[in-house]
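Can you make the complete structure from the sequences, with help from the hints?
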Amino acid sequence: MIRSDILREIAPILRDQLVVCNIGLPSQELHMIDDNAANFYMLGTMGLSSSIGLGLALAQPKTVIAIDGDGSVLTNFGTLPTIANNVADNFILLIIDNGSYGSTGDQPTYAGKRTSLAAVAKACGCENVIECQAAETGKILREAIDSGKMTVIVSKCESGNIKVPVITMDPVVIRDRFMKAVAG
Amino acid sequence: MNISKQIVDDFVANDISFVTTVPCKQLGGVIEEVEARPEIYHIPSNKEDEGMGLCAGAFMGGKRPAIIMQNTAIGVTINTLVTLTQFYRMPLPMLISYRGELKEPVACQAEMAVHTKALLAQLSIPTYHFHKKEDAQELDAILKYTFMCNKPVAILTDATFWGGY
Numbered sequence: 001m002i003r004s005d006i007l008r009e010i011a012p013i014l015r016d017q018l019v020v021c022n023i024g025l026p027s028q029e030l031h032m033i034d035d036n037a038a039n040f041y042m043l044g045t046m047g048l049s050s051s052i053g054l055g056l057a058l059a060q061p062k063t064v065i066a067i068d069g070d071g072s073v074l075t076n077f078g079t080l081p082t083i084a085n086n087v088a089d090n091f092i093l094l095i096i097d098n099g100s101y102g103s104t105g106d107q108p109t110y111a112g113k114r115t116s117l118a119a120v121a122k123a124c125g126c127e128n129v130i131e132c133q134a135a136e137t138g139k140i141l142r143e144a145i146d147s148g149k150m151t152v153i154v155s156k157c158e159s160g161n162i163k164v165p166v167i168t169m170d171p172v173v174i175r176d177r178f179m180k181a182v183a184g
Numbered sequence: 001m002n003i004s005k006q007i008v009d010d011f012v013a014n015d016i017s018f019v020t021t022v023p024c025k026q027l028g029g030v031i032e033e034v035e036a037r038p039e040i041y042h043i044p045s046n047k048e049d050e051g052m053g054l055c056a057g058a059f060m061g062g063k064r065p066a067i068i069m070q071n072t073a074i075g076v077t078i079n080t081l082v083t084l085t086q087f088y089r090m091p092l093p094m095l096i097s098y099r100g101e102l103k104e105p106v107a108c109q110a111e112m113a114v115h116t117k118a119l120l121a122q123l124s125i126p127t128y129h130f131h132k133k134e135d136a137q138e139l140d141a142i143l144k145y146t147f148m149c150n151k152p153v154a155i156l157t158d159a160t161f162w163g164g165y
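First to last, the protein sequences are chains A and B. Its first residue numbered 1, the first sequence is counted upward by one per residue in this note's numbering. Its first residue numbered 1, the second sequence is counted upward by one per residue in this note's numbering.
Hints are computed from structural coordinates only; laboratory data are not their basis. Any given hint could turn out to be false.
What the hints assert, rightly or not - Heads up, simulated EDC-like pairs for lysine to aspartate or glutamate below, C-alpha to C-alpha not over 20 Å straight-line:
(1) Lys151(B) with Asp10(B)
(2) Lys133(B) with Glu104(B)
(3) Lys163(A) with Asp16(A)
(4) Lys151(B) with Asp35(A)
(5) Lys151(B) with Asp170(A)
(6) Lys5(B) with Glu104(B)
Stated by the list, open to error - Computed beta-carbon distance windows for the label pairs:
(7) Gln133(A) with Pro126(B): 47 to 55 Å
(8) Leu102(B) with Thr168(A): 43 to 51 Å
(9) Thr160(B) with Lys113(A): 34 to 42 Å
(10) Leu102(B) with Lys113(A): 23 to 31 Å
(11) Pro165(A) with Met148(B): 30 to 38 Å
(12) Val82(B) with Asp35(A): 23 to 31 Å
(13) Ile78(B) with Glu158(A): 50 to 58 Å
(14) His115(B) with Ser159(A): 50 to 58 Å
(15) Val82(B) with Gly105(A): 20 to 28 Å
(16) Pro105(B) with Thr104(A): 48 to 56 Å
(17) Asn150(B) with Pro12(A): 58 to 66 Å
(18) His131(B) with Asp146(A): 51 to 59 Å
(19) Asp15(B) with Ala135(A): 26 to 34 Å
(20) Val82(B) with Thr104(A): 15 to 23 Å
Note that the structure is a prediction, hence the values are computed from the model and not measured. In this text, a Cβ means the ideal position worked out from N, Cα and C, and glycines have one as well.
Written as structure tokens, this is what we have:
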């Protein structure tokens with residue numbers, strides 16, 4: 001399974017939640033698979049999906065799922081101690097770890113080599129860290145939502161991309177409809 | 001009145017309830033005050049761009065955020081300011097320690113100081129400079145302006161304002 005297969009499979013679960021989605025292909029794929037107001041698409045700023053998601057989770061009570069990638073977490077490694085030390089039990093960080101920088105042409109990341117993001121998250125102090133295989137992601141995500149505990153999921157999948165259109169929606173429209181979904 | 005307390009009073013009066021900070025000696029008193037206030041969730045960040053991400057999320061969650069950082073952070077956060085805070089039109093008061101100005105003992109700080117205002121101007125970020133104690137009286141109006149126009153706004157506070165090192 002590649003990232004878009006996972007997104008397609010978990011889309012029905014994501015639909016009822018607030019989702020902050022990583023820059024590039026992940027956002028474009030989610031937008032194509034199931035665009036809705038409760039999705040916040042990052043059009044720029046690599047690395048900050050988990051930070052935006054944590055800030056959102058700390059600010060209001062609804063469940064927030066931040067979809068991140070292994071490359072983006074490596075870019076913003078400081079996020080993991082911040083998450084560990086500011087527990088928001090309505091926050092789930094879903095790292096889709098395909099061991100590559102998908103949006104830029106599948107260059108390998110260190111997470112696909114010797115570095116274990118699950119081990120790093122645990123070392124940073126995150127309490128509920130689950131590494132799973134791509135096919136288990138939906139089940140693990142459902143359980144994490146139901147547990148009411150802040151959870152970091154590292155879903156290991158294969159590298160690869162599908163053809164998707166870019167998101168042409170204006171950022172202020174994305175933000176405005178998302179904020180209405182948050183408040184609604 | 002203690003200037004750090006006065007600044008945080010203005011934060012609270014403007015309903016700022018989510019503040020991220022990166023450590024700074026000059027802003028240490030403000031950071032302590034932020035930590036002490038029950039009205040504010042204080043979340044230290046490891047890097048300023050991470051902090052701006054946290055603030056963006058908090059804002060979309062209905063809270064008014066602020067970031068406290070040094071001017072060196074302008075060099076770290078340009079991409080975030082442009083592609084997140086400005087692109088999505090989000091308000092963000094940035095209380096900034098303006099290192100490298102008069103009374104600065106560390107030469108390297110002057111290297112970033114000479115670029116600070118030029119970079120902020122290039123980014124079209126409204127910028128205010130607190131040099132004398134009484135300049136802080138404008139903070140309340142600056143915060144109201146920030147949340148009126150949904151922009152990042154810089155408040156530079158130099159060593160003279162803080163009474164030297």
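To see whether the hints hold, each was checked on the structure:
| no. | hint | result |
| --- | --- | --- |
| 1 | Lys151(B) with Asp10(B) | holds (18 Å) |
| 2 | Lys133(B) with Glu104(B) | holds (18 Å) |
| 3 | Lys163(A) with Asp16(A) | violated (26 Å) |
| 4 | Lys151(B) with Asp35(A) | violated (27 Å) |
| 5 | Lys151(B) with Asp170(A) | holds (17 Å) |
| 6 | Lys5(B) with Glu104(B) | violated (24 Å) |
| 7 | Gln133(A) with Pro126(B): 47 to 55 Å | holds (50 Å) |
| 8 | Leu102(B) with Thr168(A): 43 to 51 Å | holds (49 Å) |
| 9 | Thr160(B) with Lys113(A): 34 to 42 Å | violated (51 Å) |
| 10 | Leu102(B) with Lys113(A): 23 to 31 Å | violated (49 Å) |
| 11 | Pro165(A) with Met148(B): 30 to 38 Å | holds (36 Å) |
| 12 | Val82(B) with Asp35(A): 23 to 31 Å | holds (25 Å) |
| 13 | Ile78(B) with Glu158(A): 50 to 58 Å | violated (35 Å) |
| 14 | His115(B) with Ser159(A): 50 to 58 Å | violated (40 Å) |
| 15 | Val82(B) with Gly105(A): 20 to 28 Å | holds (24 Å) |
| 16 | Pro105(B) with Thr104(A): 48 to 56 Å | violated (43 Å) |
| 17 | Asn150(B) with Pro12(A): 58 to 66 Å | violated (34 Å) |
| 18 | His131(B) with Asp146(A): 51 to 59 Å | holds (55 Å) |
| 19 | Asp15(B) with Ala135(A): 26 to 34 Å | violated (46 Å) |
| 20 | Val82(B) with Thr104(A): 15 to 23 Å | holds (20 Å) |
Comparing the model with each numbered hint stated earlier shows that hints 3, 4, 6, 9, 10, 13, 14, 16, 17, 19 do not hold.
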